[in-house]
Amino acid sequence: MEFDFSPVWDGWRDLAHGALITIEVTVGAIILGCLIGLAIGLGRLDPKKRVVYGLCTAYVSFIRGTPLLVQLFIWFFGLPHFGLNFPAFFCGIVGMGIYSGAYVSEIVRGAIQSVERGQMEAARSLGMPYRMAMREIVVPQALVRMIPPLGNEFIALIKNSSLVSLLTIADLMHEGQKIISTSYRSLEVYLAIALVYFVLTNLTGLGLRVIERRLGAGGLV
Amino acid sequence: MAAEPIVSAHGLTKSFGAVAVLKGVDFDILPSKVSVVIGPSGSGKSTLLRCCNGLETADGGTIRICGQTLIADGRMLPEADLNALRRQVGMVFQSFNLFPHLTVLGNVTIGPRKLRGLSAGDAEAAARKLLDKVGLAHKADAYPATLSGGQKQRVAIARALAMEPQVMLFDEPTSALDPELVGEVLQVMKALAAEGMTMMVVTHEMGFAREVADTVAVMDHGVVLEVGPPAQIFDDPQHPRTREFLQAVTRRG
Chain A
1 MEFDFSPVWD
11 GWRDLAHGAL
21 ITIEVTVGAI
31 ILGCLIGLAI
41 GLGRLDPKKR
51 VVYGLCTAYV
61 SFIRGTPLLV
71 QLFIWFFGLP
81 HFGLNFPAFF
91 CGIVGMGIYS
101 GAYVSEIVRG
111 AIQSVERGQM
121 EAARSLGMPY
131 RMAMREIVVP
141 QALVRMIPPL
151 GNEFIALIKN
161 SSLVSLLTIA
171 DLMHEGQKII
181 STSYRSLEVY
191 LAIALVYFVL
201 TNLTGLGLRV
211 IERRLGAGGL
221 V
Chain B
1001 MAAEPIVSAH
1011 GLTKSFGAVA
1021 VLKGVDFDIL
1031 PSKVSVVIGP
1041 SGSGKSTLLR
1051 CCNGLETADG
1061 GTIRICGQTL
1071 IADGRMLPEA
1081 DLNALRRQVG
1091 MVFQSFNLFP
1101 HLTVLGNVTI
1111 GPRKLRGLSA
1121 GDAEAAARKL
1131 LDKVGLAHKA
1141 DAYPATLSGG
1151 QKQRVAIARA
1161 LAMEPQVMLF
1171 DEPTSALDPE
1181 LVGEVLQVMK
1191 ALAAEGMTMM
1201 VVTHEMGFAR
1211 EVADTVAVMD
1221 HGVVLEVGPP
1231 AQIFDDPQHP
1241 RTREFLQAVT
1251 RRG
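Taken in sequence, the protein lines are chains A and B. Per my numbering: the first sequence ends with 221, consecutive numbering throughout. Per my numbering: the second sequence ends with 1253, consecutive numbering throughout.
Only chain B is shown next, with the shape it has when bound in the complex (with noise of 0.2 Å):
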């Protein structure tokens, strides 16, 4: 029997103003699966993602997330349900959004200590350990104005995973980076999914996508085009604007 999805979005839509964004979205992540997001810009994807944590308000259609219905029909979970649930939703911005008051070290552990209730000592040892794990256990006491933007989305991943989530979600965390210092933080995110977090990735490098992803979905105008394992969507594309979409891609790498 087949596991049940982590994430589980059905018949999603939502407009801003006059534009319709997501028109019907269908999506599921299985546990410890990598899903990945691809599709040019404006096609939704970026919505879609914001939706699974709530950030956005999906206007029609259901998520369910970690064992519980985020949203449906417009309904959204209550606030303070809302707030325990995206503790176990952890997400990674393009622009990182690191607290610029907070040392790297604060950046990690004011989830934890806030919110998990762990004491200063426990939090900042559970810090540093995620910090040695994306390779900045040396950038401790820094603050974020003085590091790169590389170093500056590893320690956003590791702000993420203090909270010890069911499910990583990634809002283009490569699109606001020198190209020089992609790779550190891709690195950082295949090392993740080897270690079998469940991750739902919207990006543009498909080369982790190819390498990395167990499924891919194409979407476009708010629709998804397709979904299916890497080979098949890079390889054959079943939807003509797919095979559009990976030429102008390809073209331009």
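Bound conformation, chain A alone (with noise of 0.2 Å):
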């Protein structure tokens, strides 16, 4: 057998393009899985509160506990139903920000409570509100803290969004599908988007990796 990787040279251009549209969707998700993640974290933090703790803790299990391209299925192809027609890239940014988002609150919640508890309480002697406290002292301590995590979370969502292929979106899965529709070149084509994946994950690695060094070097121990 030989490879022909003429096809992947040919449409180069459309696989770049995916790769685009591949990081628009991810760090869309991204975004809006952070923002959930803070909230529902936070809201996880008290099992006394037990209405916000309750609908919280719902949350995670129900979204943690179905798979992504099932959720993914019911925003495109389920809510139409109720005449809730939303953009194939509204339904993949949205659903997968709301996945990513139950997993970024473990990882919140985790390093909240990994602060001491003796930062909570020196803030409060001080007489901060709790609220103030958390913004001023823990959280900022926890963000550290969550780079490691979130990295595997990141790094996660890049790979998962291959998903979103069969929303119709344009993604880099997406692309080389459809020069394997026409070239039938599977491997080649398959090699070089796992490449262009590869390459984005390690990025985002490295990226993450230096952003914890600053944090570190400035203090933020």
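No lab work stands behind these hints: they were computed from the structure. These numbers were taken from a predicted model, which means no experiment stands behind them. Just so you know, nobody snuck in bad clues.
Using 30 Å as the maximum straight-line C-alpha spacing, the simulated BS3-like pairs for lysine-lysine come out as follows:
| id | chain 1 | residue 1 | chain 2 | residue 2 |
| --- | --- | --- | --- | --- |
| 1 | B | 1114 | B | 1139 |
| 2 | B | 1114 | A | 48 |
| 3 | B | 1114 | A | 49 |
| 4 | B | 1190 | B | 1139 |
| 5 | A | 159 | A | 178 |
| 6 | B | 1023 | A | 48 |
Make the complex out of the two chains shown on their own, each in a separate frame, by following the hints.
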């Protein structure tokens, strides 16, 4: 057997455009996921606030307990039955953001709970209200501890974004399959897009490590 | 007429689960006095101190502090009033609890800036004065991770003083320190006492208690065994358990 990468070279513009879409969807989902994750994570700190805690816990267990693909299909194919027609791109970002938010919330909760109790006590003993103590003292320290697990989550999200190709979004995966459908060179094209995903995920990992080192040097131990 | 106490606890009770930690504690501190609480580990002295700024919630009894009723029969002051009250009650912890993401100056200025409405400039000027007082003016821009334990605790004292409290609570302030670093912290506390700061100090430093305290309270198993001037407690203890405790401590020393 022999390799023929010419379909990849011929289609590189489409692949590049697909990669750009992949980046857009993922970045959108990461931003949304972090906002949701922060809110849900904070909501799961105190089991005594039963309504908030219960709602947030239900969110995490439902979203984490069902496949991303099923959730994406509900957004794109399911909701139109109720007259809710969202564009594919919107469904991709929102579906992935909501999915990621559940995982990010656990990262947020774990990082905040890992900050020594004495930090909250010291802040409160100065007279800080709870929210101010969280904002000024606890969360800044927790942020640094979130970076390594967030790196894992972002990388997983980049890879999972290949699923949005099934919502007719022209991402990297989608463009690759288009090239395969005319050239029949599956192996070469899949190897090529695997390489692109590999580069994207590793650049993300590298970037986060740089940020982590910067924050560490700034005293945010 | 005697001055009204700044801190006044009556009939305090507190349990952690099935364990009764405070079993009806009465405790007063008069203005500008230093009150030292001693006693074996687990006697409830730290819990008593932590009740005095609401970090622990007493189950029963009352605490009046700085002219306000902090807690009465398990009912704590409303959140907003509690926060305001805590600004007047400085607290120093055994494990320092400095904010590691802020510089020394940041640690000392954050309270005044965020809670007393001082401008950054005013807060910094005041903080530098306080750091000078605890002998750490040269460490203003350092991060806590680079300081020794004794330096950390002196910063923590400056951080509490920056709120201009009416009373300072010290929870075993030297217990986490290497022996050679204890002196520098006690020195700062002695200077503070000499200035007339009202202080409640939970400690195992008997030398400090004898030298600086106006009154010494001995706690054991959740009750105050006896209260008196240091000379009386150390030289003529009334309660047999006080004698046992003091003997154990001095033998160790």
